[in-house]
Amino acid sequence: MPGAGSQSRSGMVDQAPRGDVLIVEDDPALREVYGEVLAGEGFGIRLAANGHEALDLLNAEPEVPCAILLDLRMPGMNGWELADRLHMTARWQDVPIVVVAAHYLVADEAVRIGAASWLQKPVTLDRLVAAVNGACAPLGGAA
Amino acid sequence: MTPAKGRKRRIAPAAKKTTGSGWVGSADQLFLVLQEAGDAITVVDMSGELQYANKAAATAMGFEEPDEAVRLPREELMARFDLLDAEGRPLPEDALPGRRAQRDGSAREALVRFRIRATGEERWSLVRPTLVRDADGRPQFVISSFHDVTALKATERRLTLLADAGSILGKAVDYQESLNELARMVVPDLADWCVVDVVEPDSGLRRVAVAHEDPDLVELAEEVQRRWPSNIDEGATGEVLKTGEALFLPMISEEQLDAAARDEEHGRKLRALGLVSVVILPLIARERVLGLLTLVRSDESRAFRDDELPLLRELAARAGTAVDNTRLLHEATEAVRLRDDFLAIASHDMRTPLAAILGYLQLALRRARKAEDPSGQKLVEYLNAAEGMAGRLTDLVADLMDVSLLRSGRPIALEPVELEIGLVAERMVDAHRRLARRHHFVLDHAQPVTVRADLRRFERVLDNLLSNAVKFSPSGGEIRVTVDHKGGTARVRVKDHGLGIPADDLPELFTRYRRASNVAGVRGTGLGLAGSREIMRQMGGDIEVTSREGKGSTFTVTLPIVSE
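These protein sequence lines map, in sequence, to chains A and B. Read the first sequence against our numbering and you will find it ends at 143, with the numbers running on by one and no gaps. Read the second sequence against our numbering and you will find it ends at 564, with the numbers running on by one and no gaps.
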């Protein structure tokens, strides 16, 4: 059942909700780690194991996430295909994508799919948080 | 010109009186000496007419008797030959040594090739002219002696040919190209046709080179090959491929052509190709027949001779070595590429558990720094998860070690113990159930089944199959694991409802490094199934698969049951 394993969590600290981050990553352990740390930073979290699940989640929620953490190689719909679909849809085409992948040419691939930034696995959580903060609070917005 | 064969007559040493000319015999005897000399000797008068030819000269010009030659007018006589210089270029009559001597008394010797037009036979001669003058110094006639160096030249050309072939084949990176170059080089000197076929491991005989001076005939040969391809296990080619022995057909008879023709039209076209004298040589390297070198001469006068075979065999041997070398080079390059691919994917695969370990440790650290979670419950959770991931990484490395042993043909050191495989399956299914929440795991395990197996390796094989089942059914669904036994064989079946495997990929599924063509986006080293099958076979069992693309796959692991 698509999206069955996905969930949305509210922030865990006493902070105003800062918008949702959609995490698209096929490895369950990494989904958990990214989710925990970003929830700890006050973001709402949506989890998807591949592009199909991500589209299901995006369609199900009226609110557009403030950033999408995107792995590239995934079974089913991969990161490249999902990025294409997002670019084709007016509602989602401006959502910043942060590529987090083990691909050895991750920077090139990130530029190719028009990502806002990129990180190569393994990634430190400080850099992950910084990248999501950057994506979700553009142009000196109050974060 | 052919030396007169052993017909030198002994001159009787009658009276040893000389006549002041260094000769003790009669003038008749002297004439006999001239007539029977091994070298060809001619005398041409100042108008260019042949006045005298000895026997060797007559034979060389294709006459039975010297008189036949002498009777012919100069033009008719010369029309019987093509004159060529040492490089094979046409030589004008005026440039013949005898003609030069006539003009200016030059005694310079020269190498001349005579091709007898009627037969196509070609002779190399070293020609020495001498202008003879009378007592007043007036030119009288020119004596030419012709020393036959055809055999010497043939040896020289053989050596040159082999040297050239060696340099063409030696640089072979692509044997198709070098064999083509070789074929073009040997035509038309060595043969009118040169054809090279190579045995391809999968697809049989492949024609890689066809050379003839006439492009129309090359086209015809290609048409014949297309419409009536030579068969790898039939006919002359099949015979040579099977025995590895050269087939020598110095003169092909009408009957042989008829026998080779598959129908009337084929026969007509074969005749049009001019298959008169044929040698089919095997290309052999390391005792395997790698292909065929076919040489054809279209002219009866140039039919292949026995004494040419050693050269032709040597040529074929060099071509065979070149094919073998380029194949070995290609295989080595491919092996290096596969290894590089493997390393790239393996290091990619290691990044994921490494990233998770790092992530959990950092989560734990963040919590510890903020002094949240006084009970330490979350800390323990994260550290446990990090430990689990480090275990996964360790397994991955152990897998790589096993596979590298298996790849090099060395058995891994198994530690077999008695196992109840239902319990092992249950443990593995539980672990995956926790990891893959979108999938619905079902375990059918009615009764205990005991086998002897290496626990860690058997766990990894099952883990591999379960991971694959999850990985290749991205939209979730049921994964059913059934443990049972049938006729002394224990079975574990893992059935998913995922992408399935295209039928074309099934035969290669357990081949190392291969992955099904429809999973390009899914990560993995592609080592799992190959390594798993090797391990199962070393434990006396096996893995098999049935699959339908789009419907899912069922992998069945078997092991012999331990009898009670």
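None of these hints come from the bench; they were simulated from the model. Note that this is a predicted model, so its numbers are computed, not measured. Heads up, a few of these hints could be off.
[To be verified] Computed spacing ranges between beta-carbons, pair by pair:
#: 1; chain 1: B; residue 1: 506; chain 2: A; residue 2: 85; range: 53 to 63 Å
#: 2; chain 1: A; residue 1: 85; chain 2: B; residue 2: 269; range: 38 to 48 Å
#: 3; chain 1: B; residue 1: 376; chain 2: A; residue 2: 59; range: 36 to 46 Å
[As the list claims (entries may be wrong)] Here chain A is said to cover these stretches of chain B; the calculated rule only asks that three of the stretch's residues, wherever they fall, bring their Cβ under 8 Å from a Cβ of chain A:
#: 4; region: 466-476
#: 5; region: 533-544
[Said to hold, decoys possible] Partial selection, computed: residues in chain A whose CB lies under 8 Å from chain B:
#: 6; residue: 33
#: 7; residue: 35
#: 8; residue: 39
#: 9; residue: 52
#: 10; residue: 125
Ideal Cβ positions, reconstructed from N, Cα and C, are used throughout, including at glycine.
Taking the hints in turn, this is what the structure says about them:
1. Checked against the hint of 53 to 63 Å, the pair residue 506 (chain B) and residue 85 (chain A) fails, with Cβ atoms roughly 32 Å apart.
2. A C-beta distance of roughly 60 Å is found between residue 85 (chain A) and residue 269 (chain B), which places it outside the suggested range of 38 to 48 Å.
3. As the Cβ distance of residue 376 (chain B) to residue 59 (chain A) is approximately 41 Å, the hint placing it in 36 to 46 Å holds.
4. Here's how the region 466-476 of chain B fares: 5 of its residues keep a CB closer than 8 Å to some CB of chain A, so the rule of at least three is met and the hint holds.
5. Counting residues of the region 533-544 of chain B whose beta carbon lies closer than 8 Å to any beta carbon of chain A gives 0, which falls short of the minimum of three for the stated coverage.
6. The restraint placing residue 33 (chain A) at the interface with chain B holds, with a minimum CB-CB distance near 3 Å, inside the 8 Å limit.
7. Annotation: residue 35 (chain A) was flagged as interfacial toward chain B, and the flag is violated, the nearest CB pair being 10 Å apart, outside 8 Å.
8. About 11 Å separates the beta-carbon of residue 39 (chain A) from the nearest beta-carbon of chain B, more than 8 Å, and the hint is not met.
9. Interface restraint check: residue 52 (chain A) against chain B, minimum CB-CB distance 7 Å, threshold 8 Å, status holds.
10. Contact between residue 125 (chain A) and chain B, as hinted, is supported at the beta carbon level, the nearest pair being about 4 Å apart and thus within 8 Å.
Violated hints, listed in ascending order, are 1, 2, 5, 7 and 8; each of the other numbered hints is respected by the structure.
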